[in-house]
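There are 4 protein chains.
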Amino acid sequence: MQIRFGYELAYRCTQPTPMILTLNVHYTRTSDLVRRDDLRTAPHVPLTMYRDGFGNWCTRLVAPPGQILISADAVIRDSGEPDPVVRDAPQHPVESLPEETLVYLLGSRYCDTDNLSAFAWSQFGQAPPGWQRVQTICNFVHNHIQFGYQYARPTKTASEAFNERQGVCRDYAHLAIAFCRCLNIPARYCTGYLGDIGIPHNPDPMDFAGWFEAYLGGRWYTFDPRNNKPRIGRILIARGRDAADVAISMTFGPNTLERFLVWTDEVIAA
Amino acid sequence: MQIRFGYELAYRCTQPTPMILTLNVHYTRTSDLVRRDDLRTAPHVPLTMYRDGFGNWCTRLVAPPGQILISADAVIRDSGEPDPVVRDAPQHPVESLPEETLVYLLGSRYCDTDNLSAFAWSQFGQAPPGWQRVQTICNFVHNHIQFGYQYARPTKTASEAFNERQGVCRDYAHLAIAFCRCLNIPARYCTGYLGDIGIPHNPDPMDFAGWFEAYLGGRWYTFDPRNNKPRIGRILIARGRDAADVAISMTFGPNTLERFLVWTDEVIAA
Amino acid sequence: MQIRFGYELAYRCTQPTPMILTLNVHYTRTSDLVRRDDLRTAPHVPLTMYRDGFGNWCTRLVAPPGQILISADAVIRDSGEPDPVVRDAPQHPVESLPEETLVYLLGSRYCDTDNLSAFAWSQFGQAPPGWQRVQTICNFVHNHIQFGYQYARPTKTASEAFNERQGVCRDYAHLAIAFCRCLNIPARYCTGYLGDIGIPHNPDPMDFAGWFEAYLGGRWYTFDPRNNKPRIGRILIARGRDAADVAISMTFGPNTLERFLVWTDEVIAA
Amino acid sequence: MQIRFGYELAYRCTQPTPMILTLNVHYTRTSDLVRRDDLRTAPHVPLTMYRDGFGNWCTRLVAPPGQILISADAVIRDSGEPDPVVRDAPQHPVESLPEETLVYLLGSRYCDTDNLSAFAWSQFGQAPPGWQRVQTICNFVHNHIQFGYQYARPTKTASEAFNERQGVCRDYAHLAIAFCRCLNIPARYCTGYLGDIGIPHNPDPMDFAGWFEAYLGGRWYTFDPRNNKPRIGRILIARGRDAADVAISMTFGPNTLERFLVWTDEVIAA
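If you read the protein sequences in the order shown, they are chains A, B, C and D.
For reference, each letter of the first sequence is one residue, going 3 to 272 in my numbering.
For reference, each letter of the second sequence is one residue, going 3 to 272 in my numbering.
For reference, each letter of the third sequence is one residue, going 3 to 272 in my numbering.
For reference, each letter of the fourth sequence is one residue, going 3 to 272 in my numbering.
Quick caveat, the hints were computed from the structure, so don't treat them as lab data.
A virtual CB, placed ideally from N, CA and C, is assigned to each residue, including glycine.
Be aware that a few hints might be false.
Computed, partial: chain B to chain A, Cβ under 7 Å [said to hold, decoys possible]:
{"hint": "1", "residue": "20"}
{"hint": "2", "residue": "64"}
{"hint": "3", "residue": "86"}
{"hint": "4", "residue": "89"}
{"hint": "5", "residue": "98"}
{"hint": "6", "residue": "101"}
{"hint": "7", "residue": "108"}
{"hint": "8", "residue": "110"}
{"hint": "9", "residue": "116"}
{"hint": "10", "residue": "117"}
{"hint": "11", "residue": "156"}
{"hint": "12", "residue": "162"}
{"hint": "13", "residue": "186"}
{"hint": "14", "residue": "250"}
{"hint": "15", "residue": "254"}
{"hint": "16", "residue": "256"}
According to the in silico footprint, chain D covers these stretches of chain C (three or more CB under 8 Å from chain D) [what the hints assert, rightly or not]:
{"hint": "17", "segment": "48–58"}
{"hint": "18", "segment": "90–98"}
{"hint": "19", "segment": "103–112"}
Bound-form chain A, shown alone (with noise of 0.2 Å):
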């Protein structure tokens, strides 16, 4: 399967405006790109590649006052593939979990984990350990959240999107993972493509989506609270502790966000 993918953004600025942007697919679907997703930019302006502490590759550049656009155009190819289902993926206790994973056990901007372990204890404390308590939790989370747009909000934690009972993607996956967390289950935080491929078609305008990792059985398995079924397409782009680690992009200074479209689709031979 190929799938075509890419983005058009247009920012406003006064001034001369720094961004960093995180939006080439991840260096491990590098190698399935059939079209390159190279950012392009309307003016011209040096760019700056470099990989961040997990790896993603970022973009550097200095937006010019006046309008930029910000955009790629790619296609991929996709195993076509669900995401994989592995029930008896096994929980590892604290002491043999890889150093590498630890990290991804403490709290982080979104992720307060402090303020919901009594609770997640509670809650899930008795599921399964392994698959089973991680898909207890996605079930929870799927279900406590009602999903909207108009409730998004940047600063919204996994203790708020508990609270309020309300979000978009990147909450539901903020308090999976921190319940995963609280649980001592490494999780961690992805950010990519995702169409409605092998689903009914969804209306409304896409959007970069939010779902999360976690660690069972020495290996990182792909888990999507919001969705909560296996899914068929995503596009990886990055990963880290949560979404304050894998913005989309980041001005650095006033700008007015003037165009925002993504797409995602399956090429149908013609």
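Using the hints provided, position chains B, C and D relative to the given structure of chain A.
Quick look at chains B, C and D alone, frame taken from chain A:
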């Protein structure tokens, strides 16, 4: 000058309890050790060390049921010099910040920059950039927050400290860090020992201290908004994005902290 | 200004032969593409792309027995500006170089700094540091080496070029890079297209060009000791430690290069 | 088994001299440390650590005029197992090598593959692919080169070692690496400690050791053409393309090495 420092912590656990301890002096100070700061436990348990993503030394162990005593008692050489003051240290424009500093512009668990950005710009945006802007922030934080151990709360964020106007050293540091990041100055949290060398003796029981570093003119400088004056005899343990990254101890199971002693004293030759 | 550029390479292999090609324009120039530079092959074979450690796009394929034609024909916008000259760009002391530049101080396959260090210091150690020192190096290299395609040799190192005093553009670049590194100035190799825009037409068949970048005053600047004057219309393909990192093609098996055409021409509106 | 290891290096500089040291044990071994290997300096100087592009921990400092003593004295747990031998580890066809291994097929400063390719294919092209081919290369190199400290030369390449037939452990490693790469087997250089555990005591003063790893059957295996038999107690410090990437020390200014001691001894319980 030589400083004797150490700690004695006693935990009581009801079951085997994994712990991660960040208690060794920072690798930048190992050269100064006159007597090693190796962590001892009673009863003896196997220890595993690793470096976290910031380079800090961490120790993993599994505490047995019952009490475990964790201690060190070391001696370190110190320059006896107060924290440097470099009033003309300039601020980097965002676009010229080295890549490794960019993560210290992001929000983090206790430094919720997005909640403080508007205030930060209105309050500090006119202060001369560079050292003076950071010092202006420290002066504000020093005066804004009332110190009191009774105000300590593990979940307190910078914006909560800002609104409640009460806290301990880590809250001062978190608030100043958040303001610096809002103003595009990389800032990172430090934890360590800080005695009362050169100042009137403080009768309160000692605790570990929190301060921060800001990136100005190509290097990191120490700032301490709690004390807000150059101090002698800081002994760095660890650095991170905020206190969530450098907790002295993380315990993965129910436990009681039965003893908590910290000391830092100048060694006076007989 | 618009520039049409591309290539046509034909290889004949006797068996299925893996290849790695570094032929796409650099990600920093994708925004400028008016017509894409996608690599085409005849016969058609599956292509896989990846980014190497420097961020360059590379393409993997397996050439079938017989001839394979590999080509692209693209159009790119260009500022029409010559390479910038910033005579007061300062040199960083080693201790203030950003971490990501340090690898460009080390020796590499074709830049054998250890063989050239003594000469470099005696010859260039008194030149004013910064831009002028790099320019002094370029002047020396430009005059020291006699250009000639017949002097090209894939194994030629900087010290060999220095001793033989003959070479092609990549040898000029390697020697200047090695001298810069000896003098603690980070320098990296660039490969790309360079036409004869703004200069007398060169009747030789075109080839890809090699030049280099030096890190001065917080950014990377283009230098070209072969031509040794600012040029218009460089189209960067890839950057690395030296030509070993950015070979246009690597073939893993016996083959014959049957055709090799490269073009770079200003598009003149009718 | 526990191994005590460390070093004592003394440099004399005439002016403030930046240094980069790659002396800490590799991040994959930190969790085996029983006593930390932090670098100590006398006099005390500020230290900064960073991880290079290969993940190795590096230390930056500026040595003052006069002598600087750099040392560590650590203890590490070791399995006591000899290097594994997996005779049926298969060779990957180039087209199925993971992307991150491809850089270890390229030529590098001391592994000048292009000068050795013809010989490599004629000599080793008929050996059974995979483990046996790498072992055949090691056997050849082991017998081809005569060991002698007097043959050490910092500029010696693999092809020079091949022609001169004399060298030290790093020359053995460089030559074997170059042959492996010629034959499309990814190979990378390793530096570390290697004592004489389990073999007759070697009266020569100890040095750091160089060996290499080859990528076979989906993982990296240790080979040591200098000793050419499985050994016990290797303590890895760093990995790179060749010795140019993992120099124990790089000094940016004139200096004299006044002391050089390295030790690696099994800890025998009293």
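Comparing the hints with the structure gives:
| no. | hint | result |
| --- | --- | --- |
| 1 | 20 | holds (4 Å) |
| 2 | 64 | holds (5 Å) |
| 3 | 86 | violated (28 Å) |
| 4 | 89 | violated (25 Å) |
| 5 | 98 | violated (9 Å) |
| 6 | 101 | holds (5 Å) |
| 7 | 108 | holds (5 Å) |
| 8 | 110 | holds (5 Å) |
| 9 | 116 | holds (5 Å) |
| 10 | 117 | holds (5 Å) |
| 11 | 156 | holds (5 Å) |
| 12 | 162 | violated (11 Å) |
| 13 | 186 | holds (5 Å) |
| 14 | 250 | violated (13 Å) |
| 15 | 254 | holds (4 Å) |
| 16 | 256 | violated (10 Å) |
| 17 | 48–58 | holds (count 3) |
| 18 | 90–98 | holds (count 3) |
| 19 | 103–112 | holds (count 7) |
Checked against the numbered hints above, the structure breaks hints 3, 4, 5, 12, 14 and 16 and satisfies the rest.
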